[in-house]
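Number of protein chains: 4
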Amino acid sequence: MNPDTSQYKHASREFHPADTVIELLGADGKPAVIGGDYCAVIAGPCSVENREQITGIAAAVKKAGAVFLRGGAFKPRTSPYSFQGMGKEGLEYLLYAKKETGLPVITEITEISQIVLFNNVDIIQVGARNMQNFALLKELGRIHKPILLKRGHASTMTELLLAAEHIMTGGNDRIILCERGIRSFDNYARNILDLAIIPALKQKSHLPVIVDPSHATGLSRMVPAMAKAAIAAGADGLMIEVHNDPHKALCDGEQSLTPEAFAILMDSLQKYTELAGKKLGIK
Amino acid sequence: MNPDTSQYKHASREFHPADTVIELLGADGKPAVIGGDYCAVIAGPCSVENREQITGIAAAVKKAGAVFLRGGAFKPRTSPYSFQGMGKEGLEYLLYAKKETGLPVITEITEISQIVLFNNVDIIQVGARNMQNFALLKELGRIHKPILLKRGHASTMTELLLAAEHIMTGGNDRIILCERGIRSFDNYARNILDLAIIPALKQKSHLPVIVDPSHATGLSRMVPAMAKAAIAAGADGLMIEVHNDPHKALCDGEQSLTPEAFAILMDSLQKYTELAGKKLGIK
Amino acid sequence: MNPDTSQYKHASREFHPADTVIELLGADGKPAVIGGDYCAVIAGPCSVENREQITGIAAAVKKAGAVFLRGGAFKPRTSPYSFQGMGKEGLEYLLYAKKETGLPVITEITEISQIVLFNNVDIIQVGARNMQNFALLKELGRIHKPILLKRGHASTMTELLLAAEHIMTGGNDRIILCERGIRSFDNYARNILDLAIIPALKQKSHLPVIVDPSHATGLSRMVPAMAKAAIAAGADGLMIEVHNDPHKALCDGEQSLTPEAFAILMDSLQKYTELAGKKLGIK
Amino acid sequence: MNPDTSQYKHASREFHPADTVIELLGADGKPAVIGGDYCAVIAGPCSVENREQITGIAAAVKKAGAVFLRGGAFKPRTSPYSFQGMGKEGLEYLLYAKKETGLPVITEITEISQIVLFNNVDIIQVGARNMQNFALLKELGRIHKPILLKRGHASTMTELLLAAEHIMTGGNDRIILCERGIRSFDNYARNILDLAIIPALKQKSHLPVIVDPSHATGLSRMVPAMAKAAIAAGADGLMIEVHNDPHKALCDGEQSLTPEAFAILMDSLQKYTELAGKKLGIK
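Residue numbers (this note's numbering), protein chains in the order written: chain U, 1 to 283; chain R, 1 to 283; chain W, 1 to 283; chain P, 1 to 283.
These are computed hints drawn from the structure, not numbers from a lab. Source: prediction; values computed, not measured. Nothing false has been slipped in among the hints.
Identical copies carry no separate label here, and so any pair may be met within one copy or between two of them.
With a Cα cut of at most 35 Å, we get these calculated DSBU-like pairs of lysine-lysine: (1) 248 to 204; (2) 248 to 138; (3) 9 to 279; (4) 271 to 63; (5) 202 to 63; (6) 88 to 145; (7) 283 to 88.
So that you can see chain U by itself, here it is in the shape it has in the complex (with noise of 0.2 Å):
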């Protein structure tokens, strides 16, 4: 046994050689897809900021080709004075959304007594900053939807995949990994975008990977040429912000491509994934 990937019991390729690949209903019907040949875009704003936005944006994206609405309710921010999420009532714009569009959708949870109010969420993102709340993921672990889990600022590739079995030991092996950049000591962008993370995930783990590079880079300009590398390194989808004025986002907005550029961008996806041997958007 390869003592590299035996502390892995779930998450292991060893035990699993397989792709992990996750279906859920997609809009018109269709499966929405991530792993395996599936590469999937998930699209939307940091946050809900009332109905119209997140509708707006929603149906956007969803012409543009995504697969996955995003949208943050509960926010988890560095200071107490920053605007926090809209809740509750985020989740229910969310949620008219989804029925509006019939994208299916991925938000974050911040604590335990939040999971009653995920019951139609599709997908449950853990961020960064959770990654290694324990009690957080355990309860996850009881749970039956896939989860969104993000790498830690500054977690290593095996405590990325340790937090995933935190889950998985609960019976929950739906587990999707995202890159979100991680610290260093330059400052041209937010953080650094660490790509080969990708293969060297996929080699260890069948678990999907995807990458946001808007949250990794903090700025719309770099958006297109990570996303772009993000395929063609091998990930299985990308997280990408988009927001209809990102001047005026309450959050994040100078990361957030507009519904425009976001469209151009998914034109030249395709090709990059297509390039890499998988399908776009729903099966």
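Chain U is already provided as a structure; the job is to place chains R, W and P on it using the hints.
This is chains R, W and P only, laid out in the frame that chain U set:
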């Protein structure tokens, strides 16, 4: 108003020039104090393992001059397959040791639901991995106990102060900040102990700052040098791991001092504390 | 004037909006080009080991589409007890391979006194450890050969551009910048390949930017994914280690591709380069 | 044989158990010593600016107890547009100050060709950026002067010891190692001062280890705390920047102490050195 500190409405020295001094009832009816003119040593094992172990170590560290007893009951562990602590039973043994020795106790909390179990705990520790578990911080802002807040593995000074601010906005202003080593590219020790954050924090904030040289280095042979250096750099206290039989410790034995080595270190620290113009131990 | 870029009088795009294109005489009398519409692959062994080795590899990488041949003769090694390269003799073998194949050659310089030996070398490489060897940079500013400047292990983008500026103030403006991985806390690969620096550099500067995925990861199995990602991110070229017998290489065998693996990779890269709107190889 | 240290044939304590003690002729005919029982303070300005400046500072730091005078003549600067030092003229002023005060001098070398100018310099400094300039190290291995070797911005302990080994294989075994701060993700100070490397280095090697708190923090207000901490951690000396008029310094004024602040610090350091069982200053 200084733009650097205005974001810390509660933690900033600008709004609260005097040092925060945290005083609890210590052993033998004397006050146990951290901050201001008092430098306190918190000692004990990484994990509570059984009643005899924790009581024995408590007696030994008390004799050597420790003012608080530490001991983990709920342990956040990178792997789900590592020892997770004794939980509730461990807490009972820790409180038994408190009763036997009179030493006030400090132990780590890992989720909100545990708060009710911590009624007789004197100081609640938030570990590095939970420094940005804002839901937990918010709850801890509502209780009337001092909180020991450990800096995250890769958290900036600003993030540490804002995490304290998350607690303080709830009304709990008795926060002790703790430097415990940060991530770096080198691997001669587990982490890099960042002692310069002590004068930097003391300038910006009125909160007491302590150092954990045991977790910072992961190597018991480095603990004495770094403990002395921490005091020389202006620390208001130390958190030091002591185990009666480090080689058999269930967790982090490699970084634990024996009671004998701890007693010798305390003798040295007495002199370093005097040189720093402070008193070591009980008021 | 943008305060960000005004410090780069020569390297900044502000003062020189058009891409710098470096064109040399390539194999078979055709131009070998880096920059603008041309994406060039530099390939070869870490170290020149003997005449047959370098000539054989040169023929193989030429056949697969490489435009430049690399091979170290003067090797900066962390330990004085490691193989230090063949020196002058290695340089002679490299130039022999150039004569045999027509491939222009690139090799690393480690001290000023070697400059006289580099007369027939086509591009002079400054390695990561010498990126801030300003005395060397100054001398290289006085000669008429393109310089490949590798980013230091922990150098910021600003420092890389200012190192280029040190050369350019002397009058030599044919600089190729090279990202080769930076230090981090993780150890699943040798370094973290920072691909986002490509769009960041291309925005600030007119200089061509290439990527060395071999040194960045230290693992040959990661090279293809990262080479494709680099092209997708906008790189103007790649530097890839190829060795006829990686297991017996005197230096860095673990990161070298075999000639067969390199030829397969070049086929893929052809398509990624086209998608990026560039031409791979000789004009 | 311990596999950790066997790679350091000359620097390892395994092969040379006793501390290396470096003794030079100091001011007033007394020995100036670093290592073993002696802890020496090297003080002076970042750069020599003119004869009066360096001579005045020399007299002031001598009076306060400094044993060596520092002052840069050849300055490696990130930008080619920053002040590069006075060069040869600066060296002459530094030697004039030596003659006036009797203080042995230490100054930085940046290229091999300068060695001939350093005949009357007492200790030659290799700066952080040149720690792996192996050609320079090799040349310094052939001369008979102590070398102060600064740790690179992102060099590991192993790399620092191997850089010393590069010098020592040439026959020069009088090396002083210097910790001067490493790169990290935080920016409250210029670098992170890594004091734990002191006990780590002292365990592995017999070479003296000193600390430069001025470059490490970049902030004069942090220098006293970190200087004391360095001594408490076991340092064999300190290198401290002192400038008669920090606000007008041509280089790094923000990190320089005034002569008055330096004198006050030296009084404190006297006590910390005694506590560490060492003597401060001249034998």
